[in-house]
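Engineer: The chain contents come next:
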Amino acid sequence: MSIDLKTIKHISKLSRISLDEQKAEKLASDLNSIFEFIEKLNELNTDKVEPLTSVAETTLKFRSDEVKSENIREQIIKNSPENNEDFFVVPKVVE
Amino acid sequence: MSDITNQSLTSLVNNIKNKKLSSEEVTQAFVDRSEKSKELNAYITEDFSNAINKAKKFDQNPNLDLKLPGIPMAVKDLFCTENIRTTAGSKILKNFIPTYESTVTQNIWNEGAILLGKLNCDEFAMGSSNETSFYGNVQNPIDNGLVPGGSSGGSAAAVSGRLTPITIGTDTGGSIRQPASFTGTVGLKPTYGSCSRYGIVAFASSLDQAGPMAQNVEDCALLQEVISTYDKKDSTSIDFKRNDHSKELTKNIKGKKIGIPKEYRVEGMPKEIEDLWQKGIQYAKECGAEIIDISLPNTTYALPTYYIVAPAEASSNLARYDGVKYGFRAKGENLIDMYEKTRSEGFGAEVQRRIMIGTYVLSSGYYDAYYLKAQKVRKLIKNDFDEAYKKVDAILTPSTPSSAFKIGEKKDDPVSMYLNDIFTVPVNLAGLPAISIPAGHDASGYPLGLQIIGKAFKEQEILNVAYAMEDKINFKNKITDWWIK
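So the protein lines, in turn, are chains A and B.
One point on numbering: in our numbering, the residue at position 15 of the first sequence is 15, and numbering is uninterrupted.
One point on numbering: in our numbering, the residue at position 141 of the second sequence is 1141, and numbering is uninterrupted.
Only chain B is shown next, with the shape it has when bound in the complex:
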């Protein structure tokens, strides 16, 4: 591993600002490593030669006041990038070249970063293992044959394998935090309304949020500060005072009250997850935090609620893929036949499954029993958090109920796949921010993550808790570069 690709984002930014490294040197190093890492299948679309040209251009007249000066960065292929193919991991968008840029990526380029390419993900972000991508599964850099998690699997693999200094993903039910946990990296899902959804291929609009994925908490804070802006182009974007996360970052969390929800001790949870959680509690105490037992009584209903709300929203969002305005079109005998064949051939099995669930729960005669019921339970789940936050500043839980599993292991059992998101889904339903940080290894040496959930708009609070705990945990990712021949 070259010296450059080993560095954190913060250190690369400093080295470019102090003229110890040029953008071209940094970009070339990540391009070279990405070229040698095809086996991971982290990229769907590469833009390497453009990236190097942009880096050269940056070096000719570098603006070193920017937050990400000449920093190369690959992004999840769910963000529309102007004139660069955006597939959302789907066959149906195989040839889609956006004519506009998502707000979140625009914010990143405005601060001087350079696009390396588009990263693999589950089709329309529907999946927890990156196995639903039309462009093939992604290998976890931790071990051959292991899933990187999903849906931001390519993003997690690319950060963990050092193909990009940092990246962005999206999180609808855990799609940033679960892959971060599976790859020994840091992932933040911001408060709903913090990052604009404009130009992000929509999955479930009331749950989707973009967020940073990084090697460490400091890098994560810096990127969050860049991507979180109020945006008039997204009617659910919220105009609140945003923090200068990287400047305000502190390890002093003395006296902070951290809640431990008893309902997250789920049946059948492996002992190593329970042990990790106990270790986390110990670390938080050592940092000076006060530990308080809390109850989130409706936790067990979060996943069933999610599997009504998310498919319902997806079924209406994905109605736009009709083979007319953009994307793949199949031949049909008439208009209806063309629609039906286009969607049958263009969408993969998991996406079709979710469209069907969504259509069913919204269909005449079933709306009250399913969709309305789920929206009511969602209210109860949110109330649980509101109640807990009267007593605590943040909540500490495991990120996932297990470490990364083998490719193919859960592919044919949708419910067992869905159970992966048991600790992450409640956060999306309540619109809260949460961060996953690597905190230990299981018996096979695979990473395990802890999740810190915050109050709405209190990203700074959870970043601080994560920053303090990261120091105590002193996690070292075990990457052997097995995929580099």
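Chain A on its own, in the form it takes in the complex:
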């Protein structure tokens, strides 16, 4: 299997990471060598194996749905690159 430039560009779009041609070519070559290494798994027949979903064989604990932190607006907004009053500011999305 080989990952071509078209696939790289598709993954880059899904990942929301912009790429120039040079970076895309480097990534294609890196990913191909990594996937060549990953393909080793195909040697194994896993038809009858249940996938592992958690290493800890415990069930998740229930907890009551309660508000634990109140009035933390300021804390939440504090690290945003751009904000206005209580809102995050993003580039215009509606014309």
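Mixed in with the good hints, there may be bad ones.
[Said to hold, decoys possible] Cut-off 16 Å, straight-line C-alpha distance, at most; resulting in silico cross-link-like pairs (EDC-like, lysine to aspartate or glutamate):
| hint | chain 1 | residue 1 | chain 2 | residue 2 |
| --- | --- | --- | --- | --- |
| 1 | B | K1325 | A | D86 |
| 2 | A | K92 | B | E1333 |
| 3 | B | K1232 | A | D65 |
| 4 | B | K1325 | A | E85 |
| 5 | B | K1256 | B | E1286 |
| 6 | B | K1455 | A | E57 |
| 7 | A | K13 | B | D1337 |
| 8 | B | K1091 | B | E1350 |
| 9 | A | K61 | B | D1239 |
| 10 | A | K48 | B | D1368 |
| 11 | B | K1232 | A | E66 |
| 12 | B | K1382 | A | E57 |
| 13 | A | K13 | B | D1322 |
| 14 | B | K1017 | B | E1111 |
| 15 | B | K1325 | A | E74 |
| 16 | A | K61 | B | D1234 |
| 17 | A | K6 | A | E21 |
[To be verified] Part of the chain A face toward chain B, derived, beta carbon under 10 Å:
| hint | residue |
| --- | --- |
| 18 | S12 |
| 19 | K13 |
| 20 | S15 |
| 21 | I17 |
| 22 | D30 |
| 23 | I34 |
| 24 | I38 |
| 25 | T46 |
| 26 | P51 |
| 27 | L52 |
| 28 | R63 |
Bear in mind the hints are in silico, worked out from the structure with no lab data behind them.
We put the beta carbon where it would ideally sit given N, CA and C, even for glycine.
Mind docking chain B on chain A? Use the hints.
Structural biologist: Chain B only, in chain A's frame:
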């Protein structure tokens, strides 16, 4: 090297408790040495003057019943620290100042320790050499130009170079044990669910665990007992009875059954690693342990499995870095363009590579072939350990397939870099505890480590085996202070 910075954590704790040393004296000594050690680049953020003020305050009214009374400590920059910048080694979090504290660090401060600063690491803990950090690579105190390992490279260098008495790292595929092995220090990766992940910058949530890194096994046991708590804020934290590790520590491992997995004798492994392993087997026997040959047949599939599972989880965890809620933002012509440029400029090459791998293996049409396949193989790998543990109490292997390599040596070859974690990754996939202890030197005088893997929740068992073996090994780290002018 001052007398103070040479001491073990346990000895510093005793000296503070017996009022032979004040917290201020100890903190000042580590601050001074850290100041002289900039060349190592172990710190991303220093908090030295606050540390000294906190130490003075501690001395005014010292609570000597605490487990870490007035002990200064630097921590990996992957743990959120309230009001102290936390970068995860990334440009994208360059200005991030958490408004909350991670549970693990909170546990440490609750026992009286004082933050010295935040230690360098690979970006988002993705790396085995600390070379992927946006804040530059870290020098290994063992020799100039040598990597300290990764991702907890700054942590390992800081303990080995005596810039902090002890520290914490995180381990997703070997990020505590491999750097411990490269720097002649002790590192424990606890059982998955033992230490809370709350407030740790997430990499691969089903694999990430925090753990102690120390000069010796006794110190490591003490810190593990402080950081391991059940935490409601982490839904995967497990409520089990935790040991008083430092009190229960014993060198008596007579009759313990230790397994030697033949599959860890990998092709191309240097002879000195094989010799080290044989020496380890001999030491374990001298301690009264019984050596049993075992098989972990799917070991060879662990790394390929890891390089599907970890990037897949990382790609979804790192989706949150979008330039809106926190962190770096690049200018864009519209919202999508802003997202794409922010992530392209904010993440380094290795992180982008892993996000892309993860996105690909989870994408439509490939999920079954890669992600589901990997989760099935992961089950087989876990089954191997379950089977082995019917016969043995612990497993002994080398920690890494080589000693520390040169800065730049493997940087451009991701697969050769990934192979570093060949002995450590299976442990994360199975959620088990494992400790790396220094056990010898290679021909260049660089340290080599042995790994002891335990059953889930049996940290005490592997700490005991490590404690007994440490005594026999009698390892001396060769630190020349080359970086101190």
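Engineer: The structure should be examined with respect to each hint, and the outcome stated for every one.
Structural biologist: These are the hints, each one checked on the structure:
The hinted pair formed by B/K1325 and A/D86 meets the criterion: a straight-line CA distance of about 12 Å does not exceed 16 Å. Using a Cα cut-off of 16 Å, the hinted pair A/K92 and B/E1333 holds, with the two alpha carbons roughly 9 Å apart. At roughly 13 Å between alpha-carbon atoms, B/K1232 and A/D65 fall within 16 Å of each other, so this suggested pair holds. For the hint linking B/K1325 to A/E85, the alpha-carbon distance of about 14 Å falls within 16 Å, and the restraint holds.
Simply put, B/K1256 and B/E1286 have alpha-carbon atoms about 12 Å apart, close enough for the 16 Å limit, and the pair holds. Using a Cα cut-off of 16 Å, the hinted pair B/K1455 and A/E57 holds, with the two alpha carbons roughly 13 Å apart. For a cut-off of 16 Å, the pair hint linking A/K13 to B/D1337 stands: about 11 Å separates their Cα positions. Restraint check for B/K1091 and B/E1350: satisfied, since their Cα atoms lie roughly 13 Å apart, inside the 16 Å limit.
Taking the CA atoms of A/K61 and B/D1239, the gap is near 10 Å; set against the 16 Å cutoff, the hint holds. Only pairs whose Cα atoms come within 16 Å are accepted, and A/K48 paired with B/D1368 is accepted, the gap being roughly 14 Å. Annotation: proposed proximity of B/K1232 to A/E66 holds, straight-line Cα distance about 13 Å (limit 16 Å). For the proposed pair B/K1382 and A/E57, the alpha carbon gap of about 12 Å is at most 16 Å, so the pair holds.
Using a Cα cut-off of 16 Å, the hinted pair A/K13 and B/D1322 holds, with the two alpha carbons roughly 14 Å apart. At roughly 13 Å between alpha-carbon atoms, B/K1017 and B/E1111 fall within 16 Å of each other, so this suggested pair holds. For the proposed pair B/K1325 and A/E74, the alpha carbon gap of about 12 Å is at most 16 Å, so the pair holds. A threshold of 16 Å between alpha carbons decides the hint, and for A/K61 with B/D1234 the separation of about 11 Å falls inside it, so the pair holds.
Pair hint A/K6 plus A/E21 holds up; C-alpha atoms about 11 Å apart against a cutoff of 16 Å. Evaluation of the A/S12 hint against chain B yields a held restraint, the C-beta minimum of about 7 Å falling below 10 Å. For A/K13, the shortest C-beta to C-beta distance to chain B is roughly 8 Å, which falls under 10 Å, so the interface hint holds. Using the Cβ-Cβ criterion of 10 Å, the hint placing A/S15 at the interface with chain B is satisfied: the shortest such distance is roughly 5 Å.
Checking A/I17 against chain B: minimum C-beta separation of about 5 Å stays under 10 Å; hint holds. With 10 Å as the threshold, the beta carbon of A/D30 comes within range of chain B, its nearest partner Cβ sitting at about 6 Å, so the hint holds. Interface hint status for A/I34: upheld, as the beta-carbon distance to the closest one in chain B is roughly 6 Å, under 10 Å. Hint status for A/I38 relative to chain B: holds, with the closest Cβ pair at about 5 Å, below 10 Å.
With its C-beta approaching chain B no nearer than about 4 Å, A/T46 sits inside the 10 Å limit, and its interface hint holds. For A/P51, the interface hint holds, the least distance from its beta-carbon to any beta-carbon of chain B being 4 Å, beneath 10 Å. The interface hint given for A/L52 is met, as the beta carbon of that residue sits about 4 Å from the closest beta carbon of chain B, less than 10 Å. Here the hint on A/R63 is kept, as its CB sits about 7 Å from the closest CB of chain B, short of 10 Å.
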